[in-house]
Amino acid sequence: ELKVEQNPLFLSMQEGKNYTIYCNYSTTSDRLYWYRQDPGKSLESLFVLLSNGAVKQEGRLMASLDTKARLSTLHITAAVHDLSATYFCAVDGSNFGNEKLTFGTGTRLTIIP
Amino acid sequence: GAVVSQHPSRVICKSGTSVKIECRSLDFQATTMFWYRQFPKQSLMLMATSNEGSKATYEQGVEKDKFLINHASLTLSTLTVTSAHPEDSSFYICSAMRGWNTEAFFGQGTRLTVV
Chain R
19 ELKVEQNPLF LSMQEGKNYT IYCNYSTTSD RLYWYRQDPG KSLESLFVLL SNGAVKQEGR
79 LMASLDTKAR LSTLHITAAV HDLSATYFCA VDGSNFGNEK LTFGTGTRLT IIP
Chain H
84 GAVVSQHPSR VICKSGTSVK IECRSLDFQA TTMFWYRQFP KQSLMLMATS NEGSKATYEQ
144 GVEKDKFLIN HASLTLSTLT VTSAHPEDSS FYICSAMRGW NTEAFFGQGT RLTVV
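Here the protein sequences line up with chains R and H, keeping their order. Read in order, the letters of the first sequence correspond to residues 19 to 131 in my numbering. Read in order, the letters of the second sequence correspond to residues 84 to 198 in my numbering.
If you're looking for bench data, these hints aren't it; they were derived computationally from the structure. Among the hints, erroneous ones may be present.
[To be verified] DSBU-like cross-link-like pairs, simulated, lysine-lysine; straight-line CA separation at most 35 Å:
no. : chain 1 : residue 1 : chain 2 : residue 2
1   : H       : Lys-138   : R       : Lys-59
2   : H       : Lys-147   : R       : Lys-59
3   : H       : Lys-124   : R       : Lys-59
4   : R       : Lys-86    : H       : Lys-103
5   : R       : Lys-35    : H       : Lys-124
6   : H       : Lys-103   : R       : Lys-21
7   : R       : Lys-118   : H       : Lys-138
[Claimed, not checked] Rough simulated footprint, nothing fancy, chain H against chain R, three-plus residues with beta-carbon under 8 Å:
no. : region
8   : 57–67
9   : 118–128
[Claimed, not checked] Cβ-to-Cβ under 7 Å is the rule here; a few derived chain H residues that face chain R:
no. : residue
10  : Leu-109
11  : Ser-126
12  : Leu-129
13  : Gly-136
14  : Ser-172
15  : Ile-176
16  : Glu-186
17  : Phe-189
18  : Gln-191
Being a predicted model, the structure only gives us computed values, none of them experimental. For every residue, glycine included, the Cβ atom is placed at its ideal position computed from N, Cα and C.
Let the sequences and hints guide you as you build the complete structure.
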């Protein structure tokens, strides 16, 4: 059974600081996704990482994937209040013949002015 | 980009009644759709996988007679919560995929409250 863990679960940080959210998964997968969720809303796709060593950046967010370590990171640079949200990583089972996404526990990020 | 529309966005119903939630892919044909449930402050839990023209595949622990899923066309899947009870109150989210090994796109979600 594929398991996906994120840490930290909660993160409170000051504006202007840098931080990293970690996503570990239990079995081989080459496809990892990062999503943002605002309160009461659905998921917004941030990044799709499709291969080992993939790195993608959008604004103050950068995601990377190490399939050998089964680890993805979401790095936040010079945080601003607008980035406050819950962030989820998700891994699919395409290596095992199914397309189901297994989501991480989520990281609730609060940016303090 | 691919758009998935979910309707309604909010619904309140009385205990014992049934509620239908629709998930439509607006600009692509979705071979596979997924239904998730999310409790407050928790992650998304997959309920079932829906393929057009075939029976849905339910995850372990999900009552298929209570959560009826129909994928009648390549652009529409519906989730019907039958004989709803307060414990069914939750945020339900659908997603749709164009095909194998493609990205899933998410609907806006439906907040169900059973009173």
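To see whether the hints hold, each was checked on the structure:
Taking the CA atoms of H:Lys-138 and R:Lys-59, the gap is about 29 Å. The hint holds against a cut of 35 Å. Of the pairs offered as hints, the one joining H:Lys-147 and R:Lys-59 holds, with about 26 Å between alpha carbons and a cut-off of 35 Å not exceeded. With a CA separation close to 12 Å, the supplied pair H:Lys-124 and R:Lys-59 stays within the 35 Å bound. At roughly 43 Å between alpha-carbon atoms, R:Lys-86 and H:Lys-103 are farther apart than 35 Å, so this suggested pair is violated.
At roughly 25 Å between alpha-carbon atoms, R:Lys-35 and H:Lys-124 fall within 35 Å of each other, so this suggested pair holds. At roughly 31 Å between alpha-carbon atoms, H:Lys-103 and R:Lys-21 fall within 35 Å of each other, so this suggested pair holds. At most 35 Å may separate the alpha-carbon atoms for a hinted pair to count; R:Lys-118 and H:Lys-138 meet this at roughly 16 Å. Counting residues of the region 57–67 of chain R whose C-beta lies closer than 8 Å to any C-beta of chain H gives 6; at least three are required, and the coverage claim holds.
Only when three residues or more bring their CB closer than 8 Å to a CB of chain H does the claim for the region 118–128 of chain R stand; here the count is 8, and the claim holds. For H:Leu-109, the shortest C-beta to C-beta distance to chain R is roughly 15 Å, which exceeds 7 Å, and the interface hint is violated. With 7 Å as the threshold, the beta carbon of H:Ser-126 comes within range of chain R, its nearest partner Cβ sitting at about 5 Å, so the hint holds. For H:Leu-129, the interface hint holds, the least distance from its beta-carbon to any beta-carbon of chain R being 6 Å, beneath 7 Å.
A least Cβ separation of about 17 Å between H:Gly-136 and chain R goes past the 7 Å threshold, and the interface hint is therefore violated. Proximity of H:Ser-172 to chain R is violated relative to the hint, the smallest CB-CB distance being about 14 Å (cut-off 7 Å). Because the beta carbon of H:Ile-176 sits about 5 Å from the nearest beta carbon in chain R, less than 7 Å, this interface hint is met. Hint status for H:Glu-186 relative to chain R: holds, with the closest Cβ pair at about 6 Å, below 7 Å.
A distance limit of 7 Å between C-beta atoms decides the matter here; for H:Phe-189 the minimum to chain R is near 5 Å, and the interface restraint holds. The interface hint given for H:Gln-191 is met, as the beta carbon of that residue sits about 5 Å from the closest beta carbon of chain R, less than 7 Å.
In terms of the numbered hints stated before, the structure departs from hints 4, 10, 13, 14, listed from lowest to highest.
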